[in-house]
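Participant: Sequence:
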Amino acid sequence: MKTLKFSFEHPVRGKLRFRPLSEQTNASICRRFDTGVSTDLTVALRGLEAGNWELTLEWEYEERNYHYQHTFEIGQVNNGLFGLTRYAKASLFHNRHPLHAINH
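Taking the numbering used here, I'd label the letters of the sequence shown as residues 184 to 287.
Distance ranges between label pairs, derived from CB positions:
#, residue 1, residue 2, range
1, Asn235, His193, 29 to 35 Å
2, Ser211, Glu246, 23 to 29 Å
3, Thr186, Ser211, 15 to 21 Å
4, Gly234, Cys213, 14 to 20 Å
5, Gln259, Asp217, 27 to 33 Å
6, Ser190, Arg214, 15 to 21 Å
7, His193, Gln259, 34 to 40 Å
8, Met184, Gly219, 16 to 22 Å
9, His253, Met184, 17 to 23 Å
10, Gly219, Lys185, 19 to 25 Å
11, Ile257, Val220, 28 to 34 Å
Simulated from the structure, these hints should not be mistaken for lab results.
By construction, the Cβ of each residue, glycine as well, lies at the ideal position given by its N, Cα and C atoms.
Just need the whole structure built from these sequences, with the hints factored in.
Facilitator: What follows is the structure, given as structure tokens:
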């Protein structure tokens, strides 16, 4: 299964949005996420076609809103009758690296 993996320093809950960067479609896919007691988030890329995508994560922690964007590519590799897809991976340690905080 194709996935993106993120690691946080604490459990988080929020929403994510996939936006295709190709000219073929501009339909976004939105989902909610919750790591529960874990600090790891694995995002399944099911239903996403080959091409370039932008993933946006939004969450709140200690009364601060956070926003993170990640661009990745799902490439199609021909292997006989079946295609294999590359895996996109990323890591996020938001308290070690500055992220854009949304202030409303």
